[in-house]
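Colleague: Mind docking chain B on chain A? Use the hints.
Residue numbers (this note's numbering), protein chains in the order written: chain A, 589 to 1002; chain B, 102 to 299.
Honestly, I wouldn't trust all of these hints.
One side of the interface only, derived from the structure: several residues of chain A facing chain B at Cβ under 7 Å [claimed, not checked]:
no., residue
1, F604
2, A605
3, I633
4, S637
5, L639
6, E642
7, L643
8, S646
9, R665
10, I666
11, S669
12, L920
Keep in mind the hints are simulated off the structure, nothing from the lab.
In this text the structure is predicted, and so the values were computed from the model without any measurement.
Positions of the beta carbon are idealized from the N, C-alpha and C atoms, including for glycine.
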Amino acid sequence: MSMRDDRNHPPSEDLFAYRDGELGPEKRALIEAHVMGCSICRSFIDQVSSLEAELRQSPDRAPAEYLERLHESVRARIAASDVAAGAQGALPEEAREEPAAPGGAREIPGRAGEIPGRAGAWRERERRRSWERTGDDDRIRDVPRLPWAAILSTASAAAAVLVVVVILIKQGIYQHAVTPRLPPVAMRAPGGGMNDSTAVAGGAKSDVAARARREAASGSLAREKDLVKQEAERRDAAKLEANAKDQLGERESLDKTRVSQRAPAQGTVTIREEIGENGEPPPAASQGGEEPQKKAANAAPRSLADASNAPGARYDALLGRFGLPPVWDGALVSPGALERAEPELKSLYSSGGAGRDSARVRLYLAEAARLRYAPGDSILYQEIEGHYRRAIELAGSDAETARVAEERLRTLER
Amino acid sequence: MGDKKPDRSAVPDAEIVQLVVGGEIDAFDELVRRTRRPAYRLARRITRNHEDADDVVQDSYVKAYRALPRFDLNRAFGPWFLTIVARSALSRIRQRSRRATVPLDEPGPDGATLAERIPDAALDVAGRQRLMDVEEAMAGLSEEHRAILSLRVDGDLPYSEIASALDVPVGTVMSRLARAREALLEEVEKLRAARFRP
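Bound-form chain A, shown alone (with noise of 0.2 Å):
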């Protein structure tokens, strides 16, 4: 190699990468002249080739039956790793990623009543074949066959649901959850207790706390950590029902007065039956039919707003301007009005200007949200839930906006 030390000769690198047959044309021509009138080029390009060619020769150290038992075993992780992946459904590829398995590869597939159809047969036939190789002279270390995927899995879930569950209790949801239900207060005959501003946010707080315990039962971790983050988005639709009550304020006093003098006996009434007594009819079947609650939202449902200074007048001016009826409706409401009419809502919004009609304008950024849509997009998906859960907890009494969004997000989350 010294030899070659020499600024005459070309570098190594370009030598090698001619032998290689990697050389652009012009640069091969220019080695390969080089080359033919160059002995010590040629003697150390023959001297490598040599070499490798020794390597190459060496004898394999694998024999046919040891290449046959690792044939055997990644058809074992492969059927393996199919079932996993059967059984976790659509999960990204990403998140199918298989750990390095501890100690080897080697463990047989799955757990027994895990494994079903042809992963069954791959375990089984893997099971007679360590029978099979009892008394074989087997230099490869025959491990324990632990089911450490199994294990590791289980010990995970174990800590996220332990996790989970301190959350859960320092959220104080499980207070929640195993409180008796009460019915909602604003659906209870007034004189119950508590005043109407309580029952707006006392209703949410109740149906949540309804749900939570329903969930609670299921024992859905997921829907567990949606309880979680409903809690804390309740204490926000508290404030804001706080924040809508001064508004509203002497409003509301004359509510609570024309409801204290409604007879026990009569059951429930709603809040829209209140304003319904205020001057209007109120709508034929507020505990019932839905239609009917659906018409007369949509047909009268700000007589008290259009009657005062409230900032639902804001809505309605509002709703107004993109003939949009009052609640969301997909038989009235045109994509491209919906549009138009999201920038301002959601200035309406975040002004605190929506009060009491919070529900109503977050039902419509979720529809407005929802044009966007494409499936897959889970940033809008995420955004268009909270949306509509949102919705669902500001509505308190609005049945008719918390059964519109009810039924929206369980058409999405289809």
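Modeller: Same frame as chain A, now just chain B:
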């Protein structure tokens, strides 16, 4: 149970990949059959021991299987798979930071040493010695040099594939490979010189 597997030995790689992606998992067997020997050899050369090589090859097949939906059908499966093996092997030895502490003649999966596996009739004494020298020289190289030489010699990969396996530019492959070859030659010369020294 008694199902007879179709003979796919003549089916091109790309078609087999399509079969596997389409749900015929059994077709993956053919890809394994075609690549298992060079894969083990490459993994063994880089990791320098059977246990690691075995794990690396198995892991690599699982990774390749998962990545098949993204496999470029215009490429050959073999070189692509060997780049996965090389990456896994390098990652394995980095995890273990074993560097050249494994004896050269560590037994293979059948327990036979390298010397025992050279058939008597295949080489004369001098030939056997040359072969042992080059193996020893290879084993004495740095991990970086051994890996790149293995990719070129055992994997027979073009520079572009080596660059992809090592995650370096092609220019780096050219220079690193040249340094590795020079180092191998130097090591072999040293071994041979030592043997002839009185």
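Colleague: Look at each hint and say if it fits the structure.
Modeller: Hint by hint, here is what the structure shows:
Evaluation of the F604 of chain A hint against chain B yields a held restraint, the C-beta minimum of about 5 Å falling below 7 Å. Interface hint at A605 of chain A: satisfied, since its Cβ lies 5 Å from the closest Cβ of chain B, which is below the 7 Å cut-off. Restraint check, I633 of chain A versus chain B: the minimum CB separation of about 10 Å is more than 7 Å; hint violated. The beta carbon of S637 of chain A is not positioned within 7 Å of any beta carbon in chain B (closest approach about 10 Å), and the interface hint is therefore violated.
At its closest, the beta carbon of L639 of chain A sits 5 Å from a beta carbon of chain B; the interface hint therefore holds under the 7 Å criterion. A cut of 7 Å between beta carbons decides the hint on E642 of chain A: the least distance to chain B is about 4 Å, and the hint holds. The interface hint given for L643 of chain A holds, since its Cβ lies 5 Å from the closest Cβ of chain B, which is under the 7 Å cut-off. A hinted interface residue such as S646 of chain A counts as satisfied when its beta carbon comes closer than 7 Å to some beta carbon of chain B; here the least separation is about 6 Å, so the hint holds.
With a cut of 7 Å, the hint placing R665 of chain A at the interface with chain B holds, because the nearest CB-to-CB distance is about 5 Å. Because the beta carbon of I666 of chain A sits about 5 Å from the nearest beta carbon in chain B, less than 7 Å, this interface hint is met. With a least beta-carbon distance of about 6 Å to chain B, the hint placing S669 of chain A at the interface is held under the 7 Å criterion. Among the interface hints, the one on L920 of chain A is violated; its C-beta lies about 44 Å from the nearest C-beta in chain B, farther than the 7 Å criterion.
Against the hints set out earlier in the document, violations occur for numbers 3, 4, 12.
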